[in-house]
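Undergrad: Two chains, two frames, a set of hints: combine them into the complex.
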Amino acid sequence: MNTTMSPIPTARTIRALARAVIVAALSMGTAPAAEAPATRSEIADAWLSLPTYRSGDDLAPLLAIEREAIAGMATNESRAAFAARLAAVLGQPGATPAARQWVCLLLRQVGTPAEVPILARELSGSDGETADAARQAIESIPGGRASEALREFLPQAQGGMRLGIIAALGRRRDVAAVPLLAKLAAGEDAAVATAATGALGLITDPTAIATLRLLAEKSGVPTPRPLGEPLLRAVDAAARAGDRSGSHEIQELLSRQGQPATLRQAALQGLLDTAAEDQAATILEWLAGTDADRRAVAAGSVGALDDAALAAALNTLDRYSAPGQQAIVTVACRRIPRTALPALIQLAAAGTGDLQVLAIECLGRIGTSEGLPTLLSVLTDSGSDEAASPAQAAAWNALAAMPREIVGPRLVAVLAADPAPRQDVVALIGEIRESTAWDPLARVALAKSPAPWQAAIASLGMLARPEAGDLTRMVELFSSAQESDRREAVSRMIAIVCRKSAGDEPAATVITELDRKGIPEDLALPLLGRLGGPEALAKIDAGLVSADRRIRDAAIEGLCNWPDASVADRLLALAREALDDPERQAIGRQALRAYVRTVSLKSERSAEATLAMLEGAMALAADGPTEDRGFILERTAAAVRTMDAVEWLAGYLDDPSTAQAACRGLVGLAHHKDLRRPNLERFRTLLDRVATLAEDPAVANRAQRYRLGL
Amino acid sequence: MQHSSSPPTRPIGPGPQRVARRRFLATAAAGAAAPMIVPSSALGLDGHLPPSERIGVGMIGTGTRGMQLLDAMAPLRDHQVVALCDCRRDRLELAGRVAGQTRQARGGAATAPVLHDDFRELLDRADIDAVFGVVPDHWHGVLFARVLEAGKDLYGEKPVTRSIAEGAEISRLVRRHARIFQTGTQQRSWPQFRQACGLARNGYLGIVREIEVGVPGGREYPAVASCPPPPGFNYEMWTGPAAYLPYDPQRCEWLAMYMISHYCAGFISNWGVHHLDIAGWGCPEVLTSGYEVEGTGTMPRDGMTDTWIDWRMKFRWPSGLVLSFSNADNPHPMGCRFIGDKGWVRVDRSGIWAEPAGLLTVSFKPGDDRLYDAPVHPDPVTAHVADFFRSIRTRQDPGAPIETGHASSTLGNVCDIALRLGRKLRWDPAAGEFIGDDAANALLSRPLRSPWAI
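Protein sequences appear in the order of chains A and B.
Under numbering that gives the first Met the number 0, the residue at position 252 of the first sequence is numbered 251, and the numbers go up by one with no gaps.
Under numbering that gives the first Met the number 0, the residue at position 33 of the second sequence is numbered 32, and the numbers go up by one with no gaps.
If you are wondering where the hints come from, they were derived from the structure by calculation, not from laboratory data.
Note that this is a predicted model, so its numbers are computed, not measured.
Just so you know, even glycine gets a beta-carbon here, dropped at the ideal spot from N, CA and C.
Heads up, a few of these hints could be off.
[Said to hold, decoys possible] For lysine-lysine, the following BS3-like pairs were computed, each having C-alpha atoms within a straight-line distance of at most 27 Å:
#1 B:Lys313 with B:Lys341
#2 A:Lys499 with B:Lys364
#3 B:Lys341 with A:Lys499
[Stated by the list, open to error] Non-contacting residues of chain B with respect to chain A, defined by C-beta distances greater than 12 Å in every case (computed):
#4 Ala71
#5 Leu114
#6 Arg200
#7 Gly202
#8 Ile206
#9 Arg208
#10 Asn233
#11 Arg250
#12 Gly289
#13 Ser323
#14 Pro332
#15 Met333
#16 Glu402
#17 Ile434
#18 Ala438
This is chain B alone, in the form it adopts within the complex (with noise of 0.2 Å):
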């Protein structure tokens, strides 16, 4: 078998599979519906808990993201959303409406979840138990910094903060206030990806030496004119920590929101987490160990973004691993491949390609690594949330906790440090710093506007 550096980009060997449970395919009518934990001695009439037995959950970002949790959460039953907050006002009463219709569906009360269009109000909240929050990143670090102070369990969305440093903080408050901490990183959820880095992990593919990540590139926008934000909409509380710009009609909007380094680092970091995190998950010295990183890439020549469009990175480990990082098709495919010496694995939300292709259908041996396992559903992301729900239960990590967040979050992170910097680096993970670099170092933070602190 014959490994080339550089894979053509449609895989070779058999067409895609999906790994998926069919579980609730075959019992639709009561699976899917099923609750995922349900102590019986809880239990209602109705089969349904009651409210006093439910996690309370609180919503803290009521947008596109906000709103998939939202529908993947509304099957499990021992929850109940009972507050949500925004700084837009329509958007945090249509996420009202959905989530009071999810209520009054199960049987319950037709009373929609209390808004609130300021978060610390929705903190005060003694009836919250967990917080989802889904903020854009460059409010991740304050927020999710004042939801575990407040003592509440986190699912914080994916990258863990805007700067290391603050992902750093966020990693000591978690475990200082025993709080449990789940990263959205769903794909952890996901049975594709746990059958390739059960493969990696286990040695299907002999001794990997090497990672292949691609994930979606940056985009340019034209720059817009200023206008006043319209009404219902608190600009000032969404730039919140981040500098204040004045508003225009497409910077708080997908996607330019997300290439713009000021509320984000760009999919360098914000997409990248997800199949670096993947990389991590089976090859465990991606996350644990220190490397060096060096790349190239292309940043807009106009218009009103400044965040990486496209890159080549590479990492290097001192046991001889090396993870190539690029934006899409350039070259690396979307998702993660692992190569070893007896074959390879290459995985992404579409499906799992092999070589050979009978590593698709491995069963996993007793004495071999059980990767961690959610809780199963057909739909990843309501796995995710589930795992969330029952590591609140039984007060153990969930299956993306804090530190492999904020370690897959600092992959990319770090790219792109090393890009803006034009140099080499070398990252220590234990130190949570660069190696004799004082100017890397001075960027693992970010000043805050004020008021905002960490």
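So that you can see chain A by itself, here it is in the shape it has in the complex (with noise of 0.2 Å):
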């Protein structure tokens, strides 16, 4: 036998060494936590097909070492066997580019010292991508025999290897490259020089920082941009060194007019925090001086003021700029509230734009009652609650984040005093939830236009709670209303408050309520359908076959409101009885249009079956009007999200009449990328055609968008 080492591993040394891998680290009890490592026999097939990887191959066998990889990293025994394994695979004369790559992209996790040897070998290959990964598996391994290598190799790198090479010794804060990156910064080649620079910069020992002052000396003023950060990484390595002046000469050099403004102002601010006893003077000066530069960097340095100063400067708010303004005013408002709060009321009822707005905005972030009169006086003052102005719009987003025990009362009095209240005082008094302002909502919601009626239904439903009694409250409401738009307004309020609660309670609650109170039925039928359920469901069936039109129609409208497909049968036999009669043809449309609601709701129906139920409403609508074909388009895009929807609607593309439905709805299927992604070049054809075909801007835009897989 021969007993001589080869230095390309056969597969039965490839099993050994993986099965060290596995016994260290299950010596040391640490078992991957990710999961079961791979077989035996998985992982031996693995590392023999590694070295012949090429891109695009599945990962399979790559996936199987990095797990090995985890277990490798349990201890540093396993570490440098996984290591040397891995490195093995470079010295293999056949080793795919792609494998070669890899594997030294791994070793920048795993590697060692042992591997900087042969990795510094792959410095110089062929392969630009696997040299720059060997590059950077070097850059991450600890040590001097590294950092020895990178600067060995500088002086024949080439290109992006070179400034690679460059890059990765700054990172390694390698100050024995120092007198070479030096040389390199003050050369000719720019792209050379300022890798350099940007090197010395992280480095910043003494020498490199006095290399980067001499530079900067040198070049004068403007500074060149490569040599900016580098410098001001400079100034703070020196200050942290204790070297304070070095570090205020630089900066002082950085800050002068003619410095990029970037630079200049990363300068000031450096002098600004560094500046012991007069800061606070120096940023009130600078923000009431003229130098924009200047100005920016006070502004941001306005939290630094002690509360005393801050004070002083929002009472004197006229000697400073905009930026600085708005800067003491946020900062004020933060930091010392009740001192701030006068200046802040008088801003907000007096002052102009965005200064204005700010100090509204911290009236409601104080959230005391001293700012309440101001901030509704603001709301109610002027304008109509159709257009609200920035102020009246932060007026309202004030008091609304106000404390409700604060707002609420207040509220409440104003509403009661009012006999037309604004629009918005409704809305805000349902967003804050103040269960006090039932009656006085109840009162608005009942009176005559142009009181805000809608508003005031929106905020009861907004404070009713089934378990607090309110749908009892809601039915009296809903009885005592006389317009039909307004008891429509309060069915729909009802439903969508019984749904709050879980259970059926709540609507066992409202039909108790609603024949306490002897509702008649043509009133009380469409509600019911509504709420849906057994009971509701037994009251329409008998109104269905009422004696009285009123009712039946009622009992039709109620199982049109239905809130499932649970009667979505009836919902179809009602509009093919309805349709095939001339005289019942409305009938006949809102029962197909409730039968194609109900059915596109959310539900474990297949989408097959859900899409035949979609296509045989169609069918019914054929001779109908274009809006209604139009809403069983886009139904279907919302509920069906297959490729046979997809071709179903595209059909429907070539009619003119329900074109720009298909369009639509072909967008809204596109914009599921898991639907997309896997049909690409389909959609993209029928993509073009929407884009082509859609009136919509808006539509059109979206098929672009998707198009091109956004």
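TA: Take a look at the structure:
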């Protein structure tokens, strides 16, 4: 038997090494946390196939080895064994570039100083990506051996590799490289010089700092951009090392007029941060000055003012420019809210533009009662509540953010005193859930227009809690409503409030209350339909056979209002029957739309079955109005996310009466990436047509986005 | 009241409630279009800010999220999108048309923004004050550093960076250059999340000792044959600082892109950051104090992706607080649940649940810790962008400043590292490193492909 070790591991040695790795991991009691390791044969196969890995191949063998890498990281010994085995692949003459690159990239994680020589050989390889991956691996390996390898290769490195090695030396803070980097930083090659100054900025030992200073002095003002960031790092490093004057001198240079604004502001920031006793005075002086860079830096530093200085600045706001004013107001609101209140109230009441808006926001954030009259005044003082000014919008939001116990009673008083309150006041009461406002809101809900009765009903819906008995009050409101649109709005709100609680109890409460109040069937049945459930259905069934046509119509409306698909068959039968009768077309359409609405709700039914039901509905709508067919197409797109649905909708692109709805439906389906991605080619064709056909620019725009994979 | 350690998947108690302001519903015609902050001194006759007073915006990355952000900022009047950048020409041109239409719709010139295919050109523009960095995760560190060094304020998508060390560097740059940074964790501008965190912060739940977080899990994708990139797609630029692998039609697309470790740590970080951030907003110690973390996870066994499909992680703080973090329904449902000794509240994007239910209508008192509030808008992404614009004007931090963004992003990255090392780790946030684990600390950074550097 030949006992000489071959540079190319055989399958047997690979398997032996794999076992060693596993044993090493298990012996430390550190089985991989991620998952069980691959089986021995899987591992063996993986190592065998690794050298022949090509880009685009399945990653399975590589992933198996990565799982072994996790085990390998358990101890220094297992890591060394794993890394050595991995690096050995680089020594295999037949290893593909993709395999070599992958090995190098994994060595970034597991490599040790022992792998540096073999990685260094890769630096001069013909495959640029592998060479760069080897450089990255060496960069990651701790210790002087890796730095030395990088330094040694630097003179012969060219192009991107040269830049990469320079950057690596910088990131490794390799002080030994400073003389070499200093030379390169002063050289003719701009890209190399930039990389070298960047590296010096990362190392920032005294020699590197001195080199950077020299370069800066030599180049004068403005400092070239590549030198800027390294110099700022040098400033900070010098300060950390206790060289305050050195640090100060560089910042003085960088903060001179004529320097690029970004560099100058950074230097000014540094000077301000290190200004000890007169920092506050400097901030205020800069804020009041005309130098835009200083004003910007000072505005960002307002937080450094002590409370007294901040309060003083707030009271002399006129001295400062807009950014300074906004900074002072913002910081004062957060830091000294009680002290700042009078000034903020004044600004909120009499300020202008963004400063007024900012002050209003602050009053909401502080949330105490002192700001309340001003906020209410801003909200209600001028203009129509249909077109809120920025200040009014801010006031509304500020009031909504304040504690309910402070805002609520005041709003209720406003509401009670005003026979025709503003819509935004009514909406605000709902927003803060002020439960004591029920009666005044109910009054507005029943008042004649232009009282904002819709807003009042919406707010009552927000306040209402089934467990608090509010459904009884909602039914009371329903029974008091005279106009049909108002009843309709209350009816919808009752259904919404019922759904705030799980179970049948809320609906049962409503039914009991409707009975108790003796609400006529023609009014009650549409509401009962919205609630759903067996009790409501029994009443609707009774209504459907009533001798009174009004009750029969109300029962049909109730059925059409049904909240789920449990009555779909009945709706379909009703639609078929009524559509055949020229005198009952309207009822037929109503039933058909209700059928489409309910079967397209989320359900356990298969997509195929739902699509078939909607196709059936489309057949019934064939002779009906265009909008009905459009409705069916769009509901289909919302309910059935399959390619069958896509193709079905696509068939309606050719018909001018349905093309726009089909366009909307198709972009709706294309929105779902899980559907679009696997069928991209088909979608591209369809979306191109949609982009051409769609009359709505928003639909065309969406089609173009989805076509590009966005 | 009982608090089970493994609650039902469907929350018990009342149904979900949305906490949303109705201001802009009540006054939709004016309110939705009204500027958040409008200096009247700068108002033009038409009520719009003149261009000279608007924040000049540049967007880098016009993919799905970039387009969403363009849509989100469209109702805000105090900015103007002046330039866009992407390495995919077709997407860039579409974004240019959309932004141009927005500009035209608000009465401005019909000209579209200037289009760039190299972000360095965009950063050289003097008319850009703020940049939206909406690029894949592997680009965040390099791009954000360049933006900040160029003196621009930055809305940076989450997670802040692909590696923890890059995040620390971005944090340093934000402060060194006195820039405004808004992390794209828009849940901080979402009223229901603010309500939930306010309840946790102010003792309405009693003492919170347990937090449960669930986010979408990872996904496997089959390997796809390599091919040349399509015309107009600068794949070299797309790859940037990540390892260069031959192009295929899947790797740069939703959702595979998020599942390949060269580009992203997977949803454990990319999605995890959202609800982990909420955990930290409600219990600040999550983001500010040291912790230990351990757990288990599953990797794909084949295909083209190599990040965690599912996971169960547990964080522990010295105070006794425990945060368990899993992919959705393994066992925690989507969202964040704070469990205190007097009640619990769970929140996700579809609603908020609590036990007892009365917690949902709590009105905070003047003495309560009032959490940061973004400008109100029905669309929380718009509110988050408006908050960014407000901060640019006040020069004060927005609702998701760099430090919280970085700390939240770190939570997910720490999980990834713990799983890749297969062991319990202890994290020291002040030092920004793991305690007593050199191998873990070596994974704080990821070397970058030449010539890219931070």
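Undergrad: Each hint: holds or not?
TA: Now for the hints, and whether the structure bears them out:
1. B:Lys313 with B:Lys341: 23 Å, holds
2. A:Lys499 with B:Lys364: 26 Å, holds
3. B:Lys341 with A:Lys499: Roughly 23 Å between the alpha carbons, so the hint for Lys341 of chain B and Lys499 of chain A holds.
4. Ala71: 15 Å, holds
5. Leu114: 15 Å, holds
6. Arg200: 15 Å, holds
7. Gly202: 16 Å, holds
8. Ile206: 23 Å, holds
9. Arg208: 25 Å, holds
10. Asn233: The assertion about Asn233 of chain B holds, with a minimum of 15 Å to chain A.
11. Arg250: Arg250 of chain B is in fact no farther than 12 Å from some Cβ atom of chain A, at 10 Å.
12. Gly289: 21 Å, holds
13. Ser323: Per Cβ check, Ser323 of chain B is outside 12 Å of chain A; nearest 15 Å; holds.
14. Pro332: Non-interface label stands for Pro332 of chain B: nearest chain A Cβ at 18 Å, farther than 12 Å.
15. Met333: 17 Å, holds
16. Glu402: 14 Å, holds
17. Ile434: 17 Å, holds
18. Ala438: 6 Å, violated
Consistency note: the structure conflicts with the earlier hints numbered 11 and 18.
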